[in-house]
Amino acid sequence: MSFTEDQITRYSRHILLPEVGGKGQKKLSQAKVFVVGAGGLGCPVAYYLGAAGIGTIGLIDSDVVDLSNLQRQVLHHTPDVGRSKTQSAKEKIQALNPDVQVNTYEERLTAHNAREIIRQYDVVIDGVDNFPAKFLINDACYLENTPLVHGGILRFEGRVMTIVPNESACYRCIFKNPPPTGVVPTCQEAGIIGVVAGIIGTIQATEAIKLILKIGQPLTNRLLDFDARTTTFREIRVKRNPSCALCGPNASLTELIDYDEPEACAI
Amino acid sequence: MQLTINGKVESLDVSTVLDVLKAKDIDPQLVAVEVNTQMIDQENLGTTSLKENDKLEFLFFMGGGA
Chain A
1 MSFTEDQITR YSRHILLPEV GGKGQKKLSQ AKVFVVGAGG LGCPVAYYLG AAGIGTIGLI
61 DSDVVDLSNL QRQVLHHTPD VGRSKTQSAK EKIQALNPDV QVNTYEERLT AHNAREIIRQ
121 YDVVIDGVDN FPAKFLINDA CYLENTPLVH GGILRFEGRV MTIVPNESAC YRCIFKNPPP
181 TGVVPTCQEA GIIGVVAGII GTIQATEAIK LILKIGQPLT NRLLDFDART TTFREIRVKR
241 NPSCALCGPN ASLTELIDYD EPEACAI
Chain B
268 MQLTINGKVE SLDVSTVLDV LKAKDIDPQL VAVEVNTQMI DQENLGTTSL KENDKLEFLF
328 FMGGGA
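First to last, the sequence lines map onto chains A and B. Read in the numbering used here, the first sequence has 24 at position 24, and its numbers run on one by one without any break. One gets the numbering used here by counting positions in the second sequence from 1 and adding 267 to each.
Bound-form chain B, shown alone (with noise of 0.2 Å):
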C-alpha cells in the first residue's frame, strides 16, 4: 500500500506498523511512531493496521547538546 514516511511517499507490502519497521530494519525501541498525527504506543505497534495514503511519523531519539 502506499504511505507517506517522514514526508516521503512510499509504496510498502505492510499492514500494521510494526511490519513498516521490520521492512525498514527499525529497532521499535529506537523510535516513537506518530500516525496520523496519533502517538502509537510501543505495545501496540504490531496491532495497529495501516491503510492507503496513511502518514507515518518516525521519529528517532537525538541526544546530543553537547
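Next up, chain A with everything else stripped away, as it sits in the complex (with noise of 0.2 Å):
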C-alpha cells in the first residue's frame, strides 16, 4: 500500500518524526484497535487514535447517546442524544478520517463474544465502566494475548497500565477479584471532572500507538495514577504476581467469567 498526495499532507507531521517516518505510518494505517466503550476514555481513544489514521477501528458499546454525557463524551454531539453511541463515533470519526475504517458492534462484550472479537484485533483498549467488564476483557486479552490498555477514571482521578501478556503484570496480578457490588462508586454516583477522561483517554492512545509502532517503553508494570486536583502523576511499581490466577504459574482460569452485572454507570 502506499499512500497518496493527500494523506502524506495529512500525515506529514507523524512521518517527520524519525521513530515513526513513512513506514511507521503505515504499520498505523495497516492496524486495528479494538475500543471497548464509546463513552468517556473511548471517544479520546477513538478520536486521536482516527486521526493518527489506525487503519481498523473496532467500537463496541450497546448504549445510546445521553445529554449528561456531553461534559466529556467528545465524539457525541447535542443532535446525537438518544443515537446510537456506537453510530454517533463512527460517523465523528470518519468525517475527521475517511481513511478509517469504523467496526461497529452495538452489543455488550460478554464471555460469549469477547474471544473472537478480541481476536481480530493487534491491541485493545479498555473504556468501560464497570468492574465484571474490567475483568472480562483483562482475560479476554490474556487468553488471546492480545496487548491491553487498561484505564480508569474517577472524579478527580484516573489510572493507565498497559498489559503485554506473558510479559507484564496483569490486572489481576493487583486486583484478584471485582469488589463486591455496589461498593465502590460509579462515575454515575460520585462523577467525574470531563478532562479527566481526555488525559487519561489520550494516554492510552499514545500507549496504542507506540505497541503499534514499537517504540520507546511501554507502561508496562507500572500503574500510572494522575490526580488532576493537584496536577500530579504517581507511578506505582508492580509486577507480576506469582499467586495470579490468570497468569501465574499456578493459573486455574482458563476461560472466561460473566459476573453477576451491577448497574453499569449510565454514563
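Ranges between beta-carbon positions, derived for each pair:
no.: 1; chain 1: A; residue 1: Ala251; chain 2: B; residue 2: Leu279; range: 33 to 39 Å
no.: 2; chain 1: B; residue 1: Lys275; chain 2: A; residue 2: Val81; range: 39 to 45 Å
no.: 3; chain 1: A; residue 1: Lys32; chain 2: B; residue 2: Ile272; range: 39 to 45 Å
no.: 4; chain 1: A; residue 1: Ser252; chain 2: B; residue 2: Asn273; range: 26 to 32 Å
no.: 5; chain 1: B; residue 1: Met268; chain 2: A; residue 2: Gly191; range: 34 to 40 Å
no.: 6; chain 1: A; residue 1: Leu96; chain 2: B; residue 2: Gln296; range: 38 to 44 Å
no.: 7; chain 1: A; residue 1: Glu106; chain 2: B; residue 2: Ser316; range: 50 to 56 Å
no.: 8; chain 1: A; residue 1: Gly182; chain 2: B; residue 2: Ile272; range: 25 to 31 Å
no.: 9; chain 1: B; residue 1: Asn303; chain 2: A; residue 2: Gln188; range: 32 to 38 Å
Covered by chain B, per the in silico footprint, the following chain A stretches (three or more residues, Cβ under 8 Å):
no.: 10; segment: 123 to 129
no.: 11; segment: 149 to 161
no.: 12; segment: 170 to 181
no.: 13; segment: 234 to 241
What the hints contain is simulated information worked out from the structure, not anything from laboratory work. Given the structure is predicted, the values throughout are model-derived calculations rather than measurements. No residue lacks a Cβ here, since even glycine has one placed at the ideal position from N, Cα and C.
Each of the two chains sits in its own frame; use the hints to bring them together as a complex.
Structure, rendered in C-alpha cells:
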C-alpha cells in the first residue's frame, strides 16, 4: 500500500518523526485497535487513533447517547442525544479521517463474544465503566495474547496501565477479583471531571500507538495514577504476581467469567 | 514506626499491614496492597509484619471509564 499525496500531507507531522516515518505510518494504517466502550475514555481514544490514521478501529457499546454524557464524551454532540453511541462515534471519526475503517458492535462485550472479537485486533483499549467488564477484558486479552491498555477514572482521578500478556503484570496480578457489587462508586454516583477522561484516554491512545510502532517503553509493570486536583502523576511499580489466577504459574482461570452485572454507570 | 504510604512518610503505631488498614479505616476488600513492590494476598494482610521505612502502596479500585 502506498500513500496518496493527500495522505502524505495529512500524516506529514508523523512522517517527519524519525521514530515514525513512512514505514511507521504504514504500520498505523495497517493496525487494528479494538476500543471497548464509546464513552468518556473511548471517545478521546478513538478520536485520536482515528486522527493518527489507524487503519481499523473496532467500537463496542450498547448504549445510546444521553445529555449527561456530553460533558466529557467528546465524539457525541447535542443532536446525537438518543442515538446509538457507536454510530455517533463512527460518523465523527470518519468525518475527521475517511481513511479509517470503523467496525461497530452495538452490543455488550460478554464471555460469549469477547475472545472471538478480540482475536481480530492487534491492541485492545479498556474504556468501560464497570468491574465485571474490566476483568472480562483483562482475561480475554490474556487468553488471546493481545496487548491491552487499561484505564480507569473517577472524580478527579485516573489511572492507566499497559498489559502485555506473558510479559507484564495483568489487572488480576493487582486486583484478584471484582469488588463486591455496589461498594465502589461509579462515575454516575460519584461524578467525574470531564477533562480527566480526556487526559487518561489520550494516554491510552499514546500507548496503543507506541505498541503498534514498537517505540519507546510501554507503560508495563507500572500503574500510572493521575490526580487532577494537584496535577500530579504517580507511578507505582508493579510486577507479575506468582499467585495470579490468570497469568501465574499455577493459573486456574482458563476460561472467561461473566460476573453478575452490577448496575452499570449510566454514563 | 515510620512508613511511606502512597509516597507520603507517616509515623504509625502498627505492626502488620492489617493494622495500617484499620488505623486508616480502610476496608480491606476495596484495596490491593503492595509492600516494597510485593503484592500482599488478602488473606496475608494480618500476618504480614512491617518494619521501619517499609514502602506501602494502597491501590484502590477505580472502575469508571464512561
